[in-house]
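Number of protein chains: 2
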Amino acid sequence: MANKDIRDVIMVGAGPSSLAAAVYTTREDIDTVVYEKGAIGGLAAITDMVDNYPGFPDGIEGLTLAGYFEKQAERFGAQIEFGEVSAIRDENGIKIVTVDGEEVKAKTVLIATGSDYNKIGVPGEAEYYGRGVHYCATCDGAFYRDKRLVVVGGGNSAVQETIFLTRFTTHIDLLVRSTIKASEVLRRDLQKFIDEGKITVHLNTTTEEIVATDGKVNSVRAVENGKPTTFETDGVFVFVGLKPNTQFLSGSGIELDEQGLIKTNEKLETNISGIFASGDVRSGATLQIASAVGEGAAAALSIREHLDELNRA
Amino acid sequence: MANKDIRDVIMVGAGPSSLAAAVYTTREDIDTVVYEKGAIGGLAAITDMVDNYPGFPDGIEGLTLAGYFEKQAERFGAQIEFGEVSAIRDENGIKIVTVDGEEVKAKTVLIATGSDYNKIGVPGEAEYYGRGVHYCATCDGAFYRDKRLVVVGGGNSAVQETIFLTRFTTHIDLLVRSTIKASEVLRRDLQKFIDEGKITVHLNTTTEEIVATDGKVNSVRAVENGKPTTFETDGVFVFVGLKPNTQFLSGSGIELDEQGLIKTNEKLETNISGIFASGDVRSGATLQIASAVGEGAAAALSIREHLDELNRA
Numbered sequence: 025m026a027n028k029d030i031r032d033v034i035m036v037g038a039g040p041s042s043l044a045a046a047v048y049t050t051r052e053d054i055d056t057v058v059y060e061k062g063a064i065g066g067l068a069a070i071t072d073m074v075d076n077y078p079g080f081p082d083g084i085e086g087l088t089l090a091g092y093f094e095k096q097a098e099r100f101g102a103q104i105e106f107g108e109v110s111a112i113r114d115e116n117g118i119k120i121v122t123v124d125g126e127e128v129k130a131k132t133v134l135i136a137t138g139s140d141y142n143k144i145g146v147p148g149e150a151e152y153y154g155r156g157v158h159y160c161a162t163c164d165g166a167f168y169r170d171k172r173l174v175v176v177g178g179g180n181s182a183v184q185e186t187i188f189l190t191r192f193t194t195h196i197d198l199l200v201r202s203t204i205k206a207s208e209v210l211r212r213d214l215q216k217f218i219d220e221g222k223i224t225v226h227l228n229t230t231t232e233e234i235v236a237t238d239g240k241v242n243s244v245r246a247v248e249n250g251k252p253t254t255f256e257t258d259g260v261f262v263f264v265g266l267k268p269n270t271q272f273l274s275g276s277g278i279e280l281d282e283q284g285l286i287k288t289n290e291k292l293e294t295n296i297s298g299i300f301a302s303g304d305v306r307s308g309a310t311l312q313i314a315s316a317v318g319e320g321a322a323a324a325l326s327i328r329e330h331l332d333e334l335n336r337a
Numbered sequence: 025m026a027n028k029d030i031r032d033v034i035m036v037g038a039g040p041s042s043l044a045a046a047v048y049t050t051r052e053d054i055d056t057v058v059y060e061k062g063a064i065g066g067l068a069a070i071t072d073m074v075d076n077y078p079g080f081p082d083g084i085e086g087l088t089l090a091g092y093f094e095k096q097a098e099r100f101g102a103q104i105e106f107g108e109v110s111a112i113r114d115e116n117g118i119k120i121v122t123v124d125g126e127e128v129k130a131k132t133v134l135i136a137t138g139s140d141y142n143k144i145g146v147p148g149e150a151e152y153y154g155r156g157v158h159y160c161a162t163c164d165g166a167f168y169r170d171k172r173l174v175v176v177g178g179g180n181s182a183v184q185e186t187i188f189l190t191r192f193t194t195h196i197d198l199l200v201r202s203t204i205k206a207s208e209v210l211r212r213d214l215q216k217f218i219d220e221g222k223i224t225v226h227l228n229t230t231t232e233e234i235v236a237t238d239g240k241v242n243s244v245r246a247v248e249n250g251k252p253t254t255f256e257t258d259g260v261f262v263f264v265g266l267k268p269n270t271q272f273l274s275g276s277g278i279e280l281d282e283q284g285l286i287k288t289n290e291k292l293e294t295n296i297s298g299i300f301a302s303g304d305v306r307s308g309a310t311l312q313i314a315s316a317v318g319e320g321a322a323a324a325l326s327i328r329e330h331l332d333e334l335n336r337a
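So the protein lines, in turn, are chains A and B. Under my numbering, the residue at position 188 of the first sequence is numbered 212, and the numbers go up by one with no gaps. Under my numbering, the residue at position 150 of the second sequence is numbered 174, and the numbers go up by one with no gaps.
Keep in mind the hints are simulated off the structure, nothing from the lab. Accuracy of the hints is not assured; some may be wrong.
[Stated by the list, open to error] Below, a list of computed lysine-lysine pairs in the BS3-like style, where the Cα atoms sit at most 27 Å apart:
| id | chain 1 | residue 1 | chain 2 | residue 2 |
| --- | --- | --- | --- | --- |
| 1 | B | K267 | A | K287 |
| 2 | B | K267 | A | K291 |
| 3 | A | K129 | A | K287 |
[Said to hold, decoys possible] Derived CB-CB ranges, DEER-like:
| id | chain 1 | residue 1 | chain 2 | residue 2 | range |
| --- | --- | --- | --- | --- | --- |
| 4 | A | I118 | B | P252 | 50 to 56 Å |
| 5 | B | D170 | A | N335 | 17 to 23 Å |
| 6 | B | E333 | A | E126 | 35 to 41 Å |
| 7 | A | P147 | B | S181 | 55 to 61 Å |
| 8 | B | M73 | A | Q215 | 35 to 41 Å |
| 9 | A | D332 | B | Q283 | 44 to 50 Å |
| 10 | A | G265 | B | D140 | 56 to 62 Å |
| 11 | B | D281 | A | I70 | 38 to 44 Å |
| 12 | A | A63 | B | E127 | 24 to 30 Å |
| 13 | B | K240 | A | K143 | 23 to 29 Å |
These figures come from a predicted structure and were not determined experimentally. We put the beta carbon where it would ideally sit given N, CA and C, even for glycine.
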């Protein structure tokens, strides 16, 4: 195992979780390479303002925070490279990771590729991401205290998050493409808020455009029962599902849950020994930066322990 | 449950984990009180330099970081009070928490009282805590790159951490009061480092004093086999056990592991519904600020979910 062509750890994805893990591994001289196919910092980097990452009492811009994570990992020697990982396999304990078509070997792997929120794909959605268009109520709901919102979606999570958002808002228009597809308990809950006038549900309603003036979202153009209409609003939350970035694991033998998130044990290890997962790609993830970072640190300790066991063997 | 005398959540201990949780709960208007019997910020507050909390690329003083955690929780309305919690019990779902002899009621409780490192109780130990005297190799080992160390202890964790520290140090003197009490595997491992001259083990050795000049630790006075001796060193690590702050839970019915740490499920809930635990007091804790904070955020989401269920019932 002293072969220098075999890295100590390959981390897949350069979001908060793996950058936190890399701070830990590299600070302990564990040879670490992080591969990222897109932007460093993950979803944090494209978040306008992060209000709830502990340590920044007045909030911090997502891009700035992501930059700090990167700088800290690099300070201790993390090697961050651009490259798309398309496959991972285990050969007699050695992990073979395919990066841009080339095979790289490692003793351990940390998968921290995160999840993406599904988009509705209308004009204005990408432009105002994080500045009027949101996908995480826990993260951004509190910015809409005493404001009006439009929510798009009709499944369990849409209904649940809409109810949650009522603790901040004066009123919510819930735009549902066809009909509500939520559990009986949630429908009953929803009815209470409809009765109180806090939520208005619009069935058979297609969202067409998110409209802003001077960079500030102020309305949503939609078609309700075939009739064009406009909803005035201070912001839009979209809850139409989550897409875990685990497509590249098909055929890897790594166990996923029914949502496509990676199953791990209490050591954040997958069903394959020496392959770990942390952050938003992990089954049970909270989709919070703080938790992704905490799990990254914990995963690094598990990785160290695994490497120690290999050295001992 | 609308009784105003019943708090939404009582958090016990004002360290990084509960302060992180309080950022989440209060930001969502969940009525939150945090009781602390000692210093706000927990062990973080008495750490000289925190190098591995993600977000601070050049490290940050522990006291400063703890202050940021506190300020952020208070910004959203957390009420932090001084008071010693001596008992927690559940009466038909209502949690009764005894604070300075008075009973306070809550719908949920988060226990985040942390753990303390056992001390050897010699002169110099308290004075140079975090500045030459350390209890966590993962946290502070990297500050001793190419330096000499003295380690005090002889159990499993002392041997394991001493071996870990060799990745940084030039040499370690391991001072063992009587004999090594570690597993066979660890002893075999240790022998390799002894043979390589990286660790010298001193049995029947009692540590008497940690000596510093101009505020800088430079030696340890000890008695080896009855003979006074001095070990030159750049720092001291003490590994003589961990004391989880769970004594006040005796009789509560909350399940602890054999070390006295609180057992939790994947939602960070204890065996009593509505009572949660996070951070260093939790069985399986990594004793890292990042993980304590991440767990605090996750616990807050579980607490919110629990409160929602109560409201629904």
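Kindly indicate which numbered hints from before are broken by the structure, ordering the numbers from low to high. Hint check: 1, 6, 8, 9, 10, 12, 13 fail, others pass.
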